[in-house]
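*Asks:* Whole structure, please, built from the sequences with the hints as guidance.
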Amino acid sequence: MGGMIVSTRPVALDDVPAIGELLCANREFLLPFEPARPDDYFSPEGQEPVIRTALERYAAGITVPHVILVDGRIVGRINLNDIVRGPFLNAHLGYWVSQADNGRGVATAAVRHMTRVAFEEEGLHRIQSGTMLHNAASQKVLERNGFIRFGVAEKYLKIAGKWEDHVLFQLLADAEGQNAPQ
Numbered sequence: 009m010g011g012m013i014v015s016t017r018p019v020a021l022d023d024v025p026a027i028g029e030l031l032c033a034n035r036e037f038l039l040p041f042e043p044a045r046p047d048d049y050f051s052p053e054g055q056e057p058v059i060r061t062a063l064e065r066y067a068a069g070i071t072v073p074h075v076i077l078v079d080g081r082i083v084g085r086i087n088l089n090d091i092v093r094g095p096f097l098n099a100h101l102g103y104w105v106s107q108a109d110n111g112r113g114v115a116t117a118a119v120r121h122m123t124r125v126a127f128e129e130e131g132l133h134r135i136q137s138g139t140m141l142h143n144a145a146s147q148k149v150l151e152r153n154g155f156i157r158f159g160v161a162e163k164y165l166k167i168a169g170k171w172e173d174h175v176l177f178q179l180l181a182d183a184e185g186q187n188a189p190q
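Numbering follows this note's numbering, with no gaps: position 148 of the sequence shown is 156.
Just so you know, not all the hints are guaranteed correct.
[Claimed, not checked] Computed list of lysine to aspartate or glutamate pairs in EDC-like fashion (alpha-carbon distance at most 16 Å, straight line):
{"id": "1", "residue 1": "K170", "residue 2": "E42"}
{"id": "2", "residue 1": "K163", "residue 2": "D48"}
{"id": "3", "residue 1": "K163", "residue 2": "D173"}
{"id": "4", "residue 1": "K166", "residue 2": "E42"}
By construction, these hints were calculated from the structure, which means they are not laboratory data.
*Replies:* In structure tokens:
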């Protein structure tokens with residue numbers, strides 16, 4: 009990663025301007041991977057309610073919303089979503105990284121950090137994540153972190169206005185580190 013420092017931290021309301029500007033600058037890059045969003049989603053004004061909702065869900069224990077940082081600069085978002093406690097102890101992992109920071113190991117490092125958050129801080133047993141069938145880069149990010157492909161879900165998410173099939177991956181707490189390449 010060429011000496012850059014990749015980290016994540018919980019999102020804050022103070023991050024809204026930077027996230028909104030980043031989304032605006034990366035709108036065309038992200039559109040093929042995102043659900044249909046209103047135009048203002050890709051702006052600081054549109055991100056304020058998104059981040060407020062994420063923080064409310066965090067307070068309720070059902071989401072862990074983070075920003076991805078490279079050398080202290082916000083370059084994306086990563087979340088543990090839809091956390092279910094009780095006998096399931098599961099979350100869905102979702103993330104995106106700006107186009108300029110793509111392909112540099114940033115997402116791989118951010119996912120590695122969030123797996124530690126999930127298992128060590130949140131006490132989860134399982135993390136799952138899905139990627140569109142053609143998103144080989146994101147599949148490699150998950151595989152580098154020890155995630156195992158366990159199936160394909162037909163018409164799993166509505167992305168860019170179309171129901172898309174997704175490859176499903178999982179990582180179990182007791183498997184962390186065992187599946188990842190050494």
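*Asks:* Checking each numbered hint in turn, tell me which of them this model violates, lowest number first.
*Replies:* 2
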